[in-house]
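Protein chains in written order, with full-length UniProt numbering: chain A, 1 to 449; chain B, 1 to 449.
Think of the hints as simulated: they come from the structure by calculation, not from any bench.
It is possible that part of the hints are untrue.
Copies of one chain are not kept apart here, so a pair can be met inside one copy or by any two copies together.
[As the list claims (entries may be wrong)] Subject to a maximum C-alpha distance of 25 Å in a straight line, what follows is the list of computed SDA-like cross-link-like pairs (lysine to any residue):
{"id": "1", "residue 1": "K401", "residue 2": "G208"}
{"id": "2", "residue 1": "K60", "residue 2": "S376"}
{"id": "3", "residue 1": "K388", "residue 2": "K417"}
{"id": "4", "residue 1": "K54", "residue 2": "N400"}
{"id": "5", "residue 1": "K130", "residue 2": "S58"}
{"id": "6", "residue 1": "K235", "residue 2": "I142"}
{"id": "7", "residue 1": "K388", "residue 2": "E323"}
{"id": "8", "residue 1": "K365", "residue 2": "V25"}
Predicted model only: the values in this text are computed from it and were never measured.
2 protein chains.
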Amino acid sequence: MPDCKVIIIGGDAAGMSAASKIRRVHKNWKITVYERSPHTSYSACGMPYFISGKVDSSEKLIARDPKTFAEEYDIQAKVFHEVIQIDPGKQKVLVKNLKTNKSQWDTYDKLLIATGANPHKPDLPEVDSKGVFCLSTLQSGIDVFEFIEKNKPQKASIIGGGYLGVEMAEALLELDMEVTLFDRNEYIMKTLDTDMSEDICSKMTEAGVRLKLDENLTTIEADSDGYVNKIKTDKSSYATDLVILGMGVSPNSQLAQLSGIKLCDTAAIQINSKMETSHPNIWAAGDCASSYHLLKEVHQFIALGTIANKHGLVAGSNMAGEEMEFRGVLGTAITKFQDLEIARTGLSEREAKEADIPYETATIKSSNFAGYYPDSGDIKVKLIIDKKSRHIIGGQIIGNKGSGKRIDVIASAIMGKMTAFDLAMMDLAYVPPLSTVWDPVQIAARRLI
Amino acid sequence: MPDCKVIIIGGDAAGMSAASKIRRVHKNWKITVYERSPHTSYSACGMPYFISGKVDSSEKLIARDPKTFAEEYDIQAKVFHEVIQIDPGKQKVLVKNLKTNKSQWDTYDKLLIATGANPHKPDLPEVDSKGVFCLSTLQSGIDVFEFIEKNKPQKASIIGGGYLGVEMAEALLELDMEVTLFDRNEYIMKTLDTDMSEDICSKMTEAGVRLKLDENLTTIEADSDGYVNKIKTDKSSYATDLVILGMGVSPNSQLAQLSGIKLCDTAAIQINSKMETSHPNIWAAGDCASSYHLLKEVHQFIALGTIANKHGLVAGSNMAGEEMEFRGVLGTAITKFQDLEIARTGLSEREAKEADIPYETATIKSSNFAGYYPDSGDIKVKLIIDKKSRHIIGGQIIGNKGSGKRIDVIASAIMGKMTAFDLAMMDLAYVPPLSTVWDPVQIAARRLI
Numbered sequence: 001m002p003d004c005k006v007i008i009i010g011g012d013a014a015g016m017s018a019a020s021k022i023r024r025v026h027k028n029w030k031i032t033v034y035e036r037s038p039h040t041s042y043s044a045c046g047m048p049y050f051i052s053g054k055v056d057s058s059e060k061l062i063a064r065d066p067k068t069f070a071e072e073y074d075i076q077a078k079v080f081h082e083v084i085q086i087d088p089g090k091q092k093v094l095v096k097n098l099k100t101n102k103s104q105w106d107t108y109d110k111l112l113i114a115t116g117a118n119p120h121k122p123d124l125p126e127v128d129s130k131g132v133f134c135l136s137t138l139q140s141g142i143d144v145f146e147f148i149e150k151n152k153p154q155k156a157s158i159i160g161g162g163y164l165g166v167e168m169a170e171a172l173l174e175l176d177m178e179v180t181l182f183d184r185n186e187y188i189m190k191t192l193d194t195d196m197s198e199d200i201c202s203k204m205t206e207a208g209v210r211l212k213l214d215e216n217l218t219t220i221e222a223d224s225d226g227y228v229n230k231i232k233t234d235k236s237s238y239a240t241d242l243v244i245l246g247m248g249v250s251p252n253s254q255l256a257q258l259s260g261i262k263l264c265d266t267a268a269i270q271i272n273s274k275m276e277t278s279h280p281n282i283w284a285a286g287d288c289a290s291s292y293h294l295l296k297e298v299h300q301f302i303a304l305g306t307i308a309n310k311h312g313l314v315a316g317s318n319m320a321g322e323e324m325e326f327r328g329v330l331g332t333a334i335t336k337f338q339d340l341e342i343a344r345t346g347l348s349e350r351e352a353k354e355a356d357i358p359y360e361t362a363t364i365k366s367s368n369f370a371g372y373y374p375d376s377g378d379i380k381v382k383l384i385i386d387k388k389s390r391h392i393i394g395g396q397i398i399g400n401k402g403s404g405k406r407i408d409v410i411a412s413a414i415m416g417k418m419t420a421f422d423l424a425m426m427d428l429a430y431v432p433p434l435s436t437v438w439d440p441v442q443i444a445a446r447r448l449i
Numbered sequence: 001m002p003d004c005k006v007i008i009i010g011g012d013a014a015g016m017s018a019a020s021k022i023r024r025v026h027k028n029w030k031i032t033v034y035e036r037s038p039h040t041s042y043s044a045c046g047m048p049y050f051i052s053g054k055v056d057s058s059e060k061l062i063a064r065d066p067k068t069f070a071e072e073y074d075i076q077a078k079v080f081h082e083v084i085q086i087d088p089g090k091q092k093v094l095v096k097n098l099k100t101n102k103s104q105w106d107t108y109d110k111l112l113i114a115t116g117a118n119p120h121k122p123d124l125p126e127v128d129s130k131g132v133f134c135l136s137t138l139q140s141g142i143d144v145f146e147f148i149e150k151n152k153p154q155k156a157s158i159i160g161g162g163y164l165g166v167e168m169a170e171a172l173l174e175l176d177m178e179v180t181l182f183d184r185n186e187y188i189m190k191t192l193d194t195d196m197s198e199d200i201c202s203k204m205t206e207a208g209v210r211l212k213l214d215e216n217l218t219t220i221e222a223d224s225d226g227y228v229n230k231i232k233t234d235k236s237s238y239a240t241d242l243v244i245l246g247m248g249v250s251p252n253s254q255l256a257q258l259s260g261i262k263l264c265d266t267a268a269i270q271i272n273s274k275m276e277t278s279h280p281n282i283w284a285a286g287d288c289a290s291s292y293h294l295l296k297e298v299h300q301f302i303a304l305g306t307i308a309n310k311h312g313l314v315a316g317s318n319m320a321g322e323e324m325e326f327r328g329v330l331g332t333a334i335t336k337f338q339d340l341e342i343a344r345t346g347l348s349e350r351e352a353k354e355a356d357i358p359y360e361t362a363t364i365k366s367s368n369f370a371g372y373y374p375d376s377g378d379i380k381v382k383l384i385i386d387k388k389s390r391h392i393i394g395g396q397i398i399g400n401k402g403s404g405k406r407i408d409v410i411a412s413a414i415m416g417k418m419t420a421f422d423l424a425m426m427d428l429a430y431v432p433p434l435s436t437v438w439d440p441v442q443i444a445a446r447r448l449i
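Bound conformation, chain A alone (with noise of 0.2 Å):
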């Protein structure tokens, strides 16, 4: 008999790094996880690569498959076994087998509800039509991939410019297509202010990404077998033959509300710092639970791969008995088109808004290494302090090679409680193939002291 008897609801990132950490704490804990999809452990974010080729085996996604739980880890991943209900009070899940359509009760001394994201779909007719696709699980991805193959689409329309839209416009236009990008916003990326997204939207439309913005999708047509070759929105109509939602997601949460676990306002399972839910021996980890927001204190729901590993990891210490504390996020996020890169962090000028918090911002073009040195190219680093503290609270950086992950340093910065004075005088590295001699984003601190 096992010690304990631990039941995890979704094989993703969440979920496998809190097994993984239960078992390396644990021994002989019986570690069960169900998860509805084909695959466990994927790479959500790289399926734009694979759609687009350069990653050239959905299996290269997979960072471990249930065989390798099992036989390695002694974890026992069920994947085609979705979790229909939880009984938090006989401690129990009801797992419907999705290959034989049966179900049946196991129990649990713990359990985790990492059950991800549902991407938003329109509420259209025709929305499930052949060549029109949401990307959220593996399969998914999968499922493009071969639409493409078999079809050879040749006019691809993006539903949302936002991380997924701008990706997917970048591996479409390398298969040779047309892409048209629609956005309800009159600006792409709102995570960013308008100031940094529109140089994004010029390098779109520079690469020939047709960009429709301020449209909003009313109507998606299909052909007489099935097959989509047409969308209109509120202000003209497209002739297409491939439809990418890449519309948001939503916290994955119905079933932990069905069995009276709390969400909060943003329909995310709230928990507190622990990973725990409002339920006793119930925590949650992922895109379904929500993330406390460091600089705008509230919980937040913020789907991310790199979120989602960090909550695995608490729920799965403090399941395992030990102590662990998910302090928050910042929103940390980063992207490319090409070779611009695309970095955010904290608050954006809009958000401080929202946030009534007195701010300054500051903006500076400057080179991404030595403007001298062959290749060197262009960054556009902005800045945003609390007016009042001088604390750094957000950054935006758009640029060539290497640009993007300088993001890291401000969202360090802003951990760090630092001022603008301190990161321009902070010491960090430089040599003339990989930087200036005023860092980049020191270059916009300075405009700050």
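We have chain A; now place chain B onto it with these hints.
What follows is chain B alone, placed relative to chain A:
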């Protein structure tokens, strides 16, 4: 009549940063800079890339020349002018025009000493043979370039495996020379620990550099025309037709010392956080001045462009009547050898031992970005924490593209007095082409939790 007469001795990073800062504050102060070399405000760090031909003109290494300073900033930068005496009592300096050999006194209200550093030159006969070079001023870089153009040396010997030695090895390999690098220590790059240095040695050996470690230069020999043709060490002798001396530098503080200005044990000019020397109305900045080491809590001599620029800004600010403090350095530094980026910050293991700080280390190998993404490479991160406080006190990184500048996050973590846990849990940026989901520095930090 100007309100104030400023004299600055030395027209490179520190001196011209100070001059520019003073000019931004005071439009009508008279600012005169005396520089003994032919150039102002150049990137000494860029010389290896000019010598290799990557940067196609030495002029590109000059940020601003005397004409620009005069016309755009009303700063009179007089090149070929060497200050040979300071009279602090009468507030005047004796300046020698190196073209006419005439000297005259000039008075100041405020004086900045920014005389830089002098390269170590072994006390050997024939050290001044043709084909033997120190690299310090831009002119010395031009001299090397011209010597190579004219004499087409084939066998290059580099004495000293520090930053300059490693960078020059890359440069001379690119010029198809047979490169031998000598170091008197058993390993090169001794600001890093041996376990990191070993990897650099392997990489350099693979690339074709002959490493001769634990060998001391004893003799330089020249032919009858005065061209170097052989060097000897305590172990062997080597035919050579180019010798680069990269044996470190000393503060050029003799002028200050002769006028009674106090030096540190390191022979660098002693300054306080406002860059004030022991004498009223005399400041010092750049390689000739000391820097407070924030972890060792002692004044050190560290000759780096990043520090010189910050020194200059702070000195200029205080000279202009504002208040600004230079708090200190961490010893952050970076270089690259071909595609291997090399960086360090804070204390090495060796330095922690010397400072009697009980420590723990973790060293990890990971991937510079997602392992499945094309052209992903290796990264090795070493972290050092204070055993008692758990605070991060040092870091070393070697690895492929995008590895080196991650040292800035470790530097930020040191400045923010973060523990390994704080660093591991920080919200850093991830996208497969630019990072792993746990950034490599966080993977190292996790080992220390």
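Against the structure shown, which of the earlier numbered hints fail to hold, in ascending order? Violated hint (a single one): 6; every other hint is consistent with the structure.
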